[in-house]
Every structure is written in C-alpha cells, then in structure tokens.
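Visitor: Next come the chains, spelled out residue by residue.
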Amino acid sequence: MEFQFDWPVFFETIPMLMRGLKFTIIIALGGLGVGFFLGAFFGLMKLARHAVPRTLAIIYIEAIRGTPMLVQAMFLYYGLPMALGLRIPPLTAGIIIIAVNSGAYIAEIVRGSVQSIDPGQIEAGRSIGLTRGQTMLYITWPQAFKRMIPPLGNQFIISLKDTSLLMVIGVGELLRTGQEIVAVSYKAFEVYLAVAVVYLAMTLSIAQGLRMLENHLEMKTKR
Amino acid sequence: MEMINIVNLHKSYDQLEVIKGIDLEIKSGEVVCIIGPSGSGKSTVLRCINRLETPTSGHIIVDGKDIMDPETDINHVRTEAGMVFQQFNLFPHMTVLDNVTLGPLKVRKMSKTDADELGRSLLKKVGLADKEKNYPEQLSGGQKQRVAIARSLSLQPKVILFDEPTSALDPELVGEVLEVMKQLAKEGMTMVVVTHEMGFARDVADRVIFIDQGVIQEDNAPEAFFSSPKNKRLQDFLGKVAEH
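Chains A and B, in that order, give the protein sequences. Using the working numbering, the first residue of the first sequence is number 1, and each one after it goes up by one. Using the working numbering, the first residue of the second sequence is number 1001, and each one after it goes up by one.
Misleading hints may appear alongside valid ones.
[As the list claims (entries may be wrong)] Covered stretches of chain A (chain B as the covering partner; in silico rule of three or more C-beta atoms under 8 Å from a C-beta of chain B):
1) 18-28
2) 155-167
3) 186-199
[Said to hold, decoys possible] Some residues of chain A that are not near chain B, with every Cβ distance over 10 Å (derived):
4) M69
5) V100
6) A124
7) E180
[Said to hold, decoys possible] Capping the alpha-carbon separation at 25 Å, the derived lysine-lysine pairs in BS3-like fashion look like this:
8) A:K146 - B:K1133
9) B:K1131 - B:K1027
10) B:K1106 - B:K1027
11) A:K146 - B:K1158
12) B:K1230 - B:K1158
13) B:K1186 - B:K1230
Calculated directly from the structure, the hints in this document are not laboratory data. Each residue gets a CB set at the ideal place from its N, CA and C atoms; glycine is no exception.
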C-alpha cells in the first residue's frame, strides 16, 4: 500500500483542534501564572535566613523535580481522591499540576537570579536605610527579574508542552483532541503532524515574545 | 561633640581575628582619613560603623546610639551615617535622579515633588545636574562616584563613610571626586575616609589614622603624621608609598 499525504485532512484538522487548543492555553496560562507565584515564594523561601522555611522549600523543590510529571498527575487525579474522598475536575487538576510542577523549577530560577545580584547592591540599599524587604522589592527583585526572563521563557515552553501529558487524566487538551480525531479518521500522520505544527506555532511565538521583552528592557536602561 | 565613638572593637571571621581592639573617637565636623596596607582591617572598621559588618565585640556609638544595642534601629543609624563605596554600587536599573531620590521617597516618605527637588539640588552640588535622566551605565567612573556621593547625602546624614572612593577610578577621574569631597569637608561634614590618596589626607584631613594588623598604629594631625611618623610600621609604609 502506498502512503499518500492527505492535504485536505491536514488542513481540516487544524480548525478542529482549536477546542483542544483552548484548554491547552487555559491550563498553560493558569498553571504558569500560579506557578510563577509558587516559584517566587519558594525561591525566596530557599534564601531565607531561618532553617525552617529553607527546608520546606528544599522538600517541595526536590520532591517535584525528582518525580515524573506523569506520576504527579496520576497521583493527584486518581490517587488523592481515594484518600480525600473528593474528585478534582480534570481541568482544575491540570492547572494544579502545571502550577505545582513549574513552580518547583521556577523556584530554582528565582533563587539563582536573586543570588546572582551583586551583594554590593544590597549593601548600597541597606546603607541608605532601606529595610531588608524594601531592598528586595526596589533593588534586588527588579534586577533579578530581568535575569529570570530567558530561563523563565524556557520553563514556559517546557510547561506548555507538558500540558500534553494531561491527556492521561482526561483533559480535552490539544493532543487528546487530536487523538479523538484520529479515532474517527484513521489519518494519524496528518493529524499528529497538525498537532505538532500547532504546538510549534505556540512555542515559537513565546520565544519571539520573550526576545522582544528582553530587547525592550535592555533599551530602557540604555536610552 | 563626638559623632562616633568606637570602643574596644573586635571583629573575627571564624578563627581569623582582623580587628584586634580599636578605640576611636570622631568629633562632629571632623575629617578623619584612615590609611593602611590592604588587608589591614581599615575597610572592616568603616563597615562596622553602619553595621554592614557585625562587630564580634565592642561598642560603636553613632550620634548617641550604640549600634550593638539590640534596641537600636539600625536602619535609622544608617540614615545618619551615609556610605560611599569603592565600586559605586549605583542601582543600574534606575536613572541617576531615581538613585538619589530612592532613600528620601522610601525611607523618609517624602513626596515625589520634594524628593525630586532635593535630588536635583544634590546632583547640582556634585556637578551633574544635566545627567538626571541618564542611567549609571552611561556615566564615567568619576561621574558615577559623584552620583553615589549625592545618594549618600540624600538622607541628610550627619556623617559620611567613604570606603576607598577613588580606588576603582582611572587616574584622570580621581580629581573630580576628591574635589567634591573637599567641598563637603569645607561645609563642615563629618567624614571618615578610608583611602590611599595621601595628598587628600594631607590637605583635607583633620586627623590621619594608620591601621595595620588590626590595630591603630598611629593617630595624628596630618603634618606630624606624614613628616614625623613615630610608628615603625607607618615609617615603612610611607617609605614604600613614597617610592612610587
């Protein structure tokens, strides 16, 4: 049997994927939004002077980075309800998993960026009478944030792609939508290629957006 | 009236004792230069005064407040004792004016209008009125250090601590910074200056102090300090400096 690429199927598939794309975007945005706050919170906790917050941050980060996201998803969606007696809706579960998972990686990005700021900056802040918190807010954080952008961009791209794993808990995201189309059309080559093209379009857009943001911030200090 | 009183100051890093008992009184309006070989502990003494380094033991009383007393609000002490750093430590993400007004805005809770007015007058004082909208990156080393001096003045401190303010500068830019410092001294500012600029110490200081091996080896008026040093280590040090 000779394989023939079916262009009409390929082009018809793309609009059919939009429903799944919507969920992918909702989960990625929601998950990364919450994940950024988790990451900032635990990243700064890991830099705390006291051992208790530091240890809590280490436990969170290591537990998440040390286990596959697929296992985290199965545990949250199928495992936890056994103990708690309540089922989390797939979409909510998806957002929680992306948030908790990306948060651990973002925490390390935040910690590294904050630590990379010259200690002289902090001394200068304290020397004019700013408190520790004010020094973080006005001096360390804005400079660290600029350095976070490239690695954060990477994490955004990774997490966006990771949303495809959520099909195992029944989230109707992009890949699952593709799978459903294959189930009726049997055109696996065309459909999964279309799915891949949609992912690629999103990741390239993120990369481009980040480049523009970086340039914009760079310009601001070189006016 | 005494502005700073250092009593039996000790500072150790783990097992290494770098400050081995220093007593020093600095009066209001006095300009005191501290010189000494690198690693002698002179910068450490300066950085203990506003507790950027925490002394191991001893007392430092700044304008009547003991920085070793847990009741003392160290942030308030730091507004009374400004600091100028060797590496300037300007905030690179802020304009020159914002660098100078950050303290007045956030520490003194001044209004934006008042803070800007104060900031502009300080920039004018250091000769950089036209640079307020620039970012530190666009300035020369000498200009950066003058902005840093304006920033240290922004909380209207009673004393300014200078930590080798000209050591990171190209030789041709040292003069403009020393000029601003001279002006401040003339206006009666209390200044403690860790420096290698012997000319400045001789011309501007009321007293010059030589610190070596963690103790004060000599404390004298500039004339006597440079022309008839009593301490053997100081004689050697001045001999080595003079060779260059």
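Visitor: Next, verify each hint and record whether it holds.
Guide: Taking the hints in turn, this is what the structure says about them:
1. 18-28: Not satisfied, violated; 0 residues make the cut.
2. 155-167: With 0 residues close enough to chain B, the hint is violated.
3. 186-199: violated (count 0)
4. M69: holds (35 Å)
5. V100: holds (31 Å)
6. A124: violated (4 Å)
7. E180: holds (49 Å)
8. A:K146 - B:K1133: It holds: about 21 Å lies between the C-alpha atoms, which stays within 25 Å.
9. B:K1131 - B:K1027: Status violated; Cα separation ~35 Å.
10. B:K1106 - B:K1027: The hint is violated at about 30 Å.
11. A:K146 - B:K1158: Roughly 36 Å separates the two Cα atoms, so the pair is violated.
12. B:K1230 - B:K1158: Cα-Cα ~32 Å, so violated.
13. B:K1186 - B:K1230: violated (29 Å)
Hint violations for this structure: numbers 1, 2, 3, 6, 9, 10, 11, 12, 13, all remaining hints satisfied.
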